[in-house]
Amino acid sequence: MQERSEEINVVFHLLYHAVLLVIEMLLVLLILSAIAGGCKVTYQFCYEVFGSVSKDEAPGRDIDFLVEEDDTMFQVAKRLSKEGLIVNPYSFYTRTLMMERERTKLYPGSYLLNTAMDYEEIIDRLAVDE
Numbered sequence: 001m002q003e004r005s006e007e008i009n010v011v012f013h014l015l016y017h018a019v020l021l022v023i024e025m026l027l028v029l030l031i032l033s034a035i036a037g038g039c040k041v042t043y044q045f046c047y048e049v050f051g052s053v054s055k056d057e058a059p060g061r062d063i064d065f066l067v068e069e070d071d072t073m074f075q076v077a078k079r080l081s082k083e084g085l086i087v088n089p090y091s092f093y094t095r096t097l098m099m100e101r102e103r104t105k106l107y108p109g110s111y112l113l114n115t116a117m118d119y120e121e122i123i124d125r126l127a128v129d130e
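The opening position of the sequence shown corresponds to residue 1 in this note's numbering, with each subsequent residue numbered one higher.
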């Protein structure tokens, strides 16, 4: 009877450790997938900031865009995204922060922009006093 009880104890002990091992492996996989996802998002954001990114391929579509007198660059970035002219307002805004201030000064007015324009082209167009 005692031998049988010890055998059952050993089996439960082995099962307990096997279940713990599986749970630990699943946690490690979850952490690794979260890290991989974070790396992917970070890479994409950096590519949008430093690379040549446009919403559509050429020829794209033309959109009239209005810059108001008191608009900030971040407000403009959000509206550009809403209008479908840029991929991500945060990467666009970050890119403008990294440029020379004179190149990113906004001038109020109406601008004809295209969805195939990259960030650099859009910034250059909006920073021209017409």
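Accuracy of the hints is not assured; some may be wrong.
Claimed, not checked - Okay, the calculated beta carbon distance ranges per label pair: (1) 13 <-> 45: 21 to 27 angstroms; (2) 98 <-> 16: 25 to 31 angstroms; (3) 74 <-> 24: 22 to 28 angstroms.
Stated by the list, open to error - Okay, derived cross-link-like pairs now, EDC-like style, lysine to aspartate or glutamate, Cα gap no bigger than 20 angstroms in a straight line: (4) 40 <-> 68; (5) 55 <-> 83; (6) 105 <-> 71; (7) 82 <-> 57; (8) 55 <-> 118; (9) 105 <-> 124; (10) 82 <-> 64; (11) 40 <-> 69; (12) 82 <-> 48; (13) 82 <-> 68; (14) 82 <-> 100; (15) 82 <-> 121; (16) 55 <-> 3; (17) 105 <-> 57.
Because the hints were derived from the structure by calculation, they are not lab data. Predicted model, so just to flag it, every value in this text is computed and none were measured. Glycine included, C-beta positions come from ideal geometry on N, C-alpha and C.
Hints and how they fare:
1. 13 <-> 45: 21 to 27 angstroms: violated (48 angstroms)
2. 98 <-> 16: 25 to 31 angstroms: Distance hint for residue 98, residue 16 is violated at roughly 54 angstroms.
3. 74 <-> 24: 22 to 28 angstroms: At 44 angstroms between Cβs, range violated.
4. 40 <-> 68: violated (36 angstroms)
5. 55 <-> 83: holds (11 angstroms)
6. 105 <-> 71: holds (11 angstroms)
7. 82 <-> 57: holds (18 angstroms)
8. 55 <-> 118: Holds: residue 55 and residue 118 sit about 8 angstroms apart, inside 20 angstroms.
9. 105 <-> 124: holds (10 angstroms)
10. 82 <-> 64: holds (13 angstroms)
11. 40 <-> 69: This hinted pair is violated, its Cα atoms lying about 37 angstroms apart.
12. 82 <-> 48: With Cα atoms ~17 angstroms apart, residue 82 and residue 48 stay inside 20 angstroms; holds.
13. 82 <-> 68: Roughly 16 angstroms separates the two Cα atoms, so the pair holds.
14. 82 <-> 100: violated (25 angstroms)
15. 82 <-> 121: holds (18 angstroms)
16. 55 <-> 3: The given pair, whose Cα atoms are some 72 angstroms apart, is violated under the 20 angstroms limit.
17. 105 <-> 57: violated (27 angstroms)
In the structure shown, a violation is registered for the earlier hints numbered 1, 2, 3, 4, 11, 14, 16, 17, in ascending order.
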